[in-house]
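Protein chains: 2
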Amino acid sequence: MNELKVRVNEYSKDKIPFHGNHFLNGNGYFGVRGTLEEYSKEYMPCINMAGIYDQVEDKWRESVNAPNPLYTYVSVDNKKYALPEAECVSHSQELDIDCGIHKRETEWDTVCGRLKVSSKRFASMANQHAIGMEYQVTTDFNGAVEISTGIDGDVWDINGPHFVKLDVCESDHVISITGTTGEKGITVTTQEIIRIDFDADVSVEKSEKRILRKIKFHAQKGFTYTVKKIALISSSVDDHPCRDDIRTISYDELKSESIKAWEKIWDISKVEIDGDDEAEFALNYSIYHLNCIAPRKLKGKSIPARGLSGQVYKGAVFWDTEMFMIDYYMHTDPAVARTLLQYRIDTIDGARRKAKEYGLNGAYYAWESQEGGFEGCSDYNVVDVFTKRPMRTHFRDKQYHVSAAVVYAFMKYINATGDYGILAEGGLETIIECAGMYRSLLLKKADRDCFEIHDVVGPDEYHERVNNNVYTNRMAKHCFEKAVEYTGYVKEHFAECYTELDKKYDLVKLSKLFQISAEQIYVKEPDENGVIEQFDGYFKLEDTSVDAVRSRLLDDREYWGGAYGVASQTQIIKQADVVAMLSMFKEEYTTDIMRKNWLYYEPRTEHGSSLSACMYSLLSCYTGDADTAYPLFLKSAKADLLLGGKEWAGLVYIGGTHPASEGGAWIVAVKGFAGLEIIDGKPICKPQLPNHWKGMKFKLIVHGKVYCIQIKGNDVKIEEQN
Amino acid sequence: MNELKVRVNEYSKDKIPFHGNHFLNGNGYFGVRGTLEEYSKEYMPCINMAGIYDQVEDKWRESVNAPNPLYTYVSVDNKKYALPEAECVSHSQELDIDCGIHKRETEWDTVCGRLKVSSKRFASMANQHAIGMEYQVTTDFNGAVEISTGIDGDVWDINGPHFVKLDVCESDHVISITGTTGEKGITVTTQEIIRIDFDADVSVEKSEKRILRKIKFHAQKGFTYTVKKIALISSSVDDHPCRDDIRTISYDELKSESIKAWEKIWDISKVEIDGDDEAEFALNYSIYHLNCIAPRKLKGKSIPARGLSGQVYKGAVFWDTEMFMIDYYMHTDPAVARTLLQYRIDTIDGARRKAKEYGLNGAYYAWESQEGGFEGCSDYNVVDVFTKRPMRTHFRDKQYHVSAAVVYAFMKYINATGDYGILAEGGLETIIECAGMYRSLLLKKADRDCFEIHDVVGPDEYHERVNNNVYTNRMAKHCFEKAVEYTGYVKEHFAECYTELDKKYDLVKLSKLFQISAEQIYVKEPDENGVIEQFDGYFKLEDTSVDAVRSRLLDDREYWGGAYGVASQTQIIKQADVVAMLSMFKEEYTTDIMRKNWLYYEPRTEHGSSLSACMYSLLSCYTGDADTAYPLFLKSAKADLLLGGKEWAGLVYIGGTHPASEGGAWIVAVKGFAGLEIIDGKPICKPQLPNHWKGMKFKLIVHGKVYCIQIKGNDVKIEEQN
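Residue numbers (my numbering), protein chains in the order written: chain A, 1 to 722; chain B, 1 to 722.
Mixed in with the good hints there might be a few duds.
[To be verified] Non-contacting residues of chain A with respect to chain B, defined by C-beta distances greater than 10 Å in every case (computed): (1) LYS13; (2) LEU554; (3) GLU677.
[Said to hold, decoys possible] Sample of chain A residues at the chain B side, in silico, Cβ under 10 Å: (4) ARG439; (5) LYS445; (6) ALA446; (7) HIS703.
[Stated by the list, open to error] In silico DSSO-like pairs for lysine-lysine, Cα to Cα no more than 30 Å straight-line: (8) B:LYS540 - A:LYS444; (9) B:LYS444 - A:LYS540; (10) A:LYS444 - B:LYS216; (11) B:LYS228 - B:LYS79; (12) A:LYS509 - B:LYS444; (13) A:LYS699 - A:LYS5; (14) A:LYS216 - A:LYS491; (15) A:LYS116 - A:LYS79; (16) B:LYS299 - B:LYS165; (17) A:LYS445 - B:LYS445; (18) A:LYS503 - B:LYS445; (19) B:LYS540 - A:LYS388; (20) B:LYS216 - B:LYS228; (21) B:LYS445 - A:LYS524; (22) B:LYS699 - B:LYS686; (23) A:LYS120 - A:LYS216; (24) A:LYS444 - B:LYS699; (25) A:LYS503 - B:LYS444.
Honestly, the hints are just simulated from the structure, not real lab data. Note that the Cβ used here is the ideal one computed from N, Cα and C, for glycine as well.
With the sequences and hints as input, model every part of the structure.
Shown next as structure tokens:
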């Protein structure tokens, strides 16, 4: 396998936001954007905390960024050498995804001569609270140099500032800043300690929002001066409180333990592709990101749609997790998948509240779920570029399909792991409550004999308030089916749980209602051309091209959907919708129907969401067309490798990493190209590799056992590991 | 009674559009805008034809304007004296509403001296094809004068030109222009002949779109030269073809017959109000307009929302006719009311087509009904002021209440006239088809036991796509009820008709379905404060003031409703909605409930429609509060007396006359203040006059009999006339 590194060899101020995502570190507890140490908040550095949220005034609630312990810059002759202000003579930045180490090296010409700064840093994969950094200075002259390093409490926020109070402390060589959020009084503490092995005059400067060590020394030409820094991040709401005394932590041990932890993770998660270095690299880069954000040591936390790359999309959890990410985790670290589902079990009261708010029964999971299942999504999710007014969108109230995605994930998880026990530990109740929600959405026309669901937003968000969206209806049907099936399973295998739930729900009656609902719900069938209409009236909309619709934009940033968007009255859709449904229920459709729908919808899809390409790619695989699938797979795997994703929705910045796309790439590789299916708790592969691929090799966990899978052409070798 | 004249004594170019409406003539077959004779199309003169429509390219279909036979101007010394270009020294314009005669008098200072032009004209109320005009010139000098008069075929059009061919003819003293429409090849012919009793050199000049007589004479100081003109307008689709030879028509007879016809109309329609000259005048001015547009000699034509004042709103028929106008006609000229209903009977196939287009059964009457029930309303009825793009509105597809208004009008008509015969002549089938449409709108939630109607636009158009609009649901219920009741009546009294319809519809079964529908449809009830929520979720919308909402406008012309209008997410409504429902079903609610709803909704109503004030006024009367009703009544009666109505919806011009408002004023006067009810086919009045009114006197036709009603304070005298 090739070296797994991303690297740039020159500096570009324009790419600061992109590189923040591209070079990201993370350990699930927090993400560390791939920004430079000298950056203050205008350049978007951040230590983005998983699952901690705060609201300022009436702005959107969003995740919280910790005080930044990486903040460091160097001065020569009282002049600060920091990018982007001080122009450099050379610069490189690198991320070693094998061990999760970020490196940079920059040279400046000072009045005294050349100055070189290099750093290495990592978010510890072994100790979730810890960050380590080595910061090195070398000069080609003899002279006075000053390194300023400490903690910057003046953090980058989208809707901040979240810290209404900042306690800046220094005690026994440890400096720290504790921020207290305004809404709930949560504290987030960053401690930091440094080790230097050279003579220097070290003092500490405190200001309102910053604490900096001033390390003054006389640099000798050609000699390298190293500052090693350890930082610990913790909060008042940690699942596992930080009990370390930072002064006792060895930098080198911290580093080697983190590297070892990464080695262990890569052992199970790396995917080798023989004959396609580009795809292999992109896929493993995607897997790197999934590894950086997995809530490995957290209880009942899930993954935000933009991972831990910042506050975009409010740091909230979307259906992305259940539809596109969980597959990877359930086959490489089932405990993480379980944690993701636990998050939904734990937050059911939030979902119940939301259902009630809309006059529905059961559980309606948040479109943008924050702690406790709090719905972070606003009724006004897009800003009109022409009037600058918030637009009343229907992401929040009408994307009913999110609850069904949760149930679909339970099904996938149970199939992959055999962990039926989750049903007795909150899983069945969650599924029943989701089914209850769909039951209260069902409508029967006075002159028709089936159940319909009206006024929804499907995965294709450009068409709001449609009736009988085939994706939504089929997913609701699945939810009813699973509620019935799992109720039966629990009755048989977990009697105590059954009795308890039966008292609450009258399960016989309820199962019957769900059974009827599943049988009578209207799911559109293919028309005479084999194509399934996305929703009532979709075929009557203007049939045009994505380019034609794009050409109607008056402003690049205007929203394509909503009531009056350029796509709204056309058949142009944002992302896979019917195609997503077909991918998920492939056993119910013929290859011919799948292909016809792919051919109909793909040219009409803008792929305006990073969730789209992988779904199309997957369906192509299911129709036996791996070569058509391939470019879409590559697009999906490269979501954060290449600059060029959609960074704006209306006037709202939506940049960041794309874990759903990355998870989707993994799904295509393993379920599409390698053709993985779980039959009787065991992996089976029916590969259909792209033409130029010679083979694949990867490990998988299925029903608690580790398997090593090797594919060469059409030959498959599946070995159970000991 | 005071003199019934409207008059202005000075000229204002700005008021050209307003005066066109304010001084309108008409006879039901056409309307003649109150513009000056010398106006060419940029000043909006028009002879607007009832019920003739045409479409140019893909623009909106609209009514057609005939070639204009009034076109006349005068020249002295080769200089044209015509407003507004040639400044005048005096000007007056007058409309005598007693006899429907329009007058103007204008003086100019010419190089030779003073020139006075005066004219009188009328749309004949006796001969629906005819217009008469006397055009007079007087000078205070002796000199050469030229009168140019003829026919202008270059007519004002909003979405024209409609005539793809213009035949300009002269034959035996008669000149004419025949225009042929592009869409259907309908011809509209204007003939004209003049009579002069002075020596002049008369020649005819033809051009492509105009034919003009040049009348040159030597004017003598102080002498008045009169040109009398007769014009006949006819079309290839006339209900009653024009058979007159224009050369044989006597001008004086034409005029005196028209005056006599007006006298007869006023005899039955005038309303006297003792103690309030202002209200009396405004009300009779309103009645004048209703008289000008009544389809008296037409078969199955109805009245456009802007009367015959032009092409605004496409010359189309709205629910306005059934809800606000028909009451006046059924009590003053029942044959006109019958004609209005006949229009709906005759156009049922158009309504069936529209229902089918939306996947519904039965008859869904057009929101903007043109000939044959053609739906003139576009899916894009408003233009966005910011982007200049058409906005996808839901006037066309979701204002289901129009069919119920038709049924409500049948009920009112039958109650007022006793003409049950209409049921056997298409009426019952119309009502059944409307009920069938509502039946196919009914939805039952899986967990609820009543019928709901979702996704509608109620009378308050600012809130689109709402559920369970109380007005719509109650009206649908009324429709079901009447279908059942009238089916029973027809079974008993019109056996042949019953048998025929029974074959087609299986009436026993259908009546049962309608009965169940009526019983089970959900009509919101008053809440704990006695207020009825306009639709599901209305009370959750922002509760603010009309002024606050207005202050949010970025552009005066922007649309308040739709998905993102300033009113859309607030409780601010366009017009009476719950209040309209209460006015129509007053017997079902207590005075207390009516008052509480009035008090809740009135401050939240923009009254952005001229239909609104009269509904609020009527409900005030029903709650016994005539003094609160009074200003709203006056506002309604003065809709075309005062400048200041809403002239724009988005970028679309919506000016013109307001017959629904005028009809509404009549309803308030007669059903509100005079308290008319029809009990057992006889009129009963329970008056509650505004405090300063001493009495009222008016005639009414009820069940074929003419009654004279005199109210003095609380005393009522009702005399049947012989």
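Structure-based check of each hint:
| no. | hint | in the structure |
| --- | --- | --- |
| 1 | LYS13 | holds (34 Å) |
| 2 | LEU554 | violated (6 Å) |
| 3 | GLU677 | holds (35 Å) |
| 4 | ARG439 | holds (6 Å) |
| 5 | LYS445 | holds (6 Å) |
| 6 | ALA446 | holds (4 Å) |
| 7 | HIS703 | violated (37 Å) |
| 8 | B:LYS540 - A:LYS444 | holds (26 Å) |
| 9 | B:LYS444 - A:LYS540 | holds (26 Å) |
| 10 | A:LYS444 - B:LYS216 | violated (78 Å) |
| 11 | B:LYS228 - B:LYS79 | holds (23 Å) |
| 12 | A:LYS509 - B:LYS444 | holds (20 Å) |
| 13 | A:LYS699 - A:LYS5 | holds (22 Å) |
| 14 | A:LYS216 - A:LYS491 | violated (71 Å) |
| 15 | A:LYS116 - A:LYS79 | holds (15 Å) |
| 16 | B:LYS299 - B:LYS165 | holds (28 Å) |
| 17 | A:LYS445 - B:LYS445 | holds (9 Å) |
| 18 | A:LYS503 - B:LYS445 | holds (25 Å) |
| 19 | B:LYS540 - A:LYS388 | holds (24 Å) |
| 20 | B:LYS216 - B:LYS228 | holds (15 Å) |
| 21 | B:LYS445 - A:LYS524 | holds (20 Å) |
| 22 | B:LYS699 - B:LYS686 | holds (16 Å) |
| 23 | A:LYS120 - A:LYS216 | holds (21 Å) |
| 24 | A:LYS444 - B:LYS699 | violated (51 Å) |
| 25 | A:LYS503 - B:LYS444 | holds (28 Å) |
The structure is inconsistent with the numbered hints 2, 7, 10, 14 and 24, although it conforms to all the rest.
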